[in-house]
Amino acid sequence: MRKYFFELLSAILLIGSFGFFWECVVYLGRRDYVAAALLTGIGMAVLHVGVELARLALVERA
Amino acid sequence: MASFAVRGNFAGAMTLRRGSAYAALGVNLWLIGFVVPASFAGAAWPWALGPLAPAALAVGALRRSPSLLLFGVPFLTLAPLALPTFESARQSPLGFVLTALSLAAYLAASLRALRPSLPAAKETRPLDEAPLALRWARRIRAFNALAFVAAALPTLFIYTIDLHPPTVAAFAASHPGDAERAQAMATALAALASALALGGLLIRPLAAHLDRDFALRVRIEESRLVARRGRPRAAFYFAVAAALVLMALVVVLRR
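Those protein sequences? They're chains A and B, same order as listed.
Start counting the first sequence at 121; every next residue gets the next number (this note's numbering).
Start counting the second sequence at 2; every next residue gets the next number (this note's numbering).
One or more hints might be untrue.
Derived Cβ-Cβ restraints for the label pairs, each shown as a range [what the hints assert, rightly or not]:
1. LEU129/A <-> ASP214/B: 32 to 40 Å
2. LEU129/A <-> LEU164/B: 21 to 29 Å
3. PRO132/B <-> ARG122/A: 22 to 30 Å
4. TYR124/A <-> ARG218/B: 29 to 37 Å
5. MET121/A <-> ALA152/B: 55 to 63 Å
6. TYR153/A <-> LEU154/B: 51 to 59 Å
7. TYR153/A <-> ASN29/B: 30 to 38 Å
8. GLY136/A <-> LEU193/B: 51 to 59 Å
9. ASN29/B <-> ASP152/A: 14 to 22 Å
None of these hints come from the bench; they were simulated from the model.
All C-beta atoms in this analysis are idealised placements derived from N, C-alpha and C, irrespective of residue type, glycine included.
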């Protein structure tokens, strides 16, 4: 059960991080560089969390 | 006994021949890179720097010092060009091309001369030709490609920044009156980037490969051990905290 939960959560986070990067590009288009930098940081952090959860899902599977 | 004498003389002659080539090219570099610009500089004091490069060449040749020959001589020859007196010499495209070619020829000859020389045999014959293993053929191709990139990248940077007409025109348009300074800064940054790329992407992997990539294998083993643990790493909690803080910042700053 934990395995499926981790897999679902990591998939949501990995795909969701692209939303932050998309918003970053939108803010860059508006020349709002501070917000773009903050959103890049959020995207990277969310991506990292997703990767870690994917690793935990793999450990659960083994 | 006679054969040893002949062998010694032959080896000495080979060393002398190689030594003369790089010494002659060093003097050529000094003439093109320093003497000619100093002759047109219109001031006498730059000549005081003149003897430094030949002295370094002589000492380097006597001591067979790689640092003096590969770094000291080019630096002492070309560093004076950074002085404001040599402004006109720096702007000459022909002078730049000649100096670059002389520098490349000198460095190639110096590297060749610094190779450890094996005692010359009286007669030689090739070993039985063994087919080259595919793995080694791949490696040699990769090494040659890396060496080509290491030489081509700085050349491309320098040409694009300093000689390519559209780039030169763009510098002149974007920095009116200060285009030369902007070009010099861009060239210095390109040289720095090339040196870092050469060190990080070529020298370091090759040096690690000589050691059978020991550090890389240790890291892989550590990663394997970490991947087997069923708990999140500290970086996980840090990433969660960072994401929450940054989200709060975005909300506060853009409300």
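Hints, one by one, checked against the model:
no.	hint	in the structure
1	LEU129/A <-> ASP214/B: 32 to 40 Å	35 Å, holds
2	LEU129/A <-> LEU164/B: 21 to 29 Å	55 Å, violated
3	PRO132/B <-> ARG122/A: 22 to 30 Å	55 Å, violated
4	TYR124/A <-> ARG218/B: 29 to 37 Å	35 Å, holds
5	MET121/A <-> ALA152/B: 55 to 63 Å	58 Å, holds
6	TYR153/A <-> LEU154/B: 51 to 59 Å	30 Å, violated
7	TYR153/A <-> ASN29/B: 30 to 38 Å	51 Å, violated
8	GLY136/A <-> LEU193/B: 51 to 59 Å	39 Å, violated
9	ASN29/B <-> ASP152/A: 14 to 22 Å	57 Å, violated
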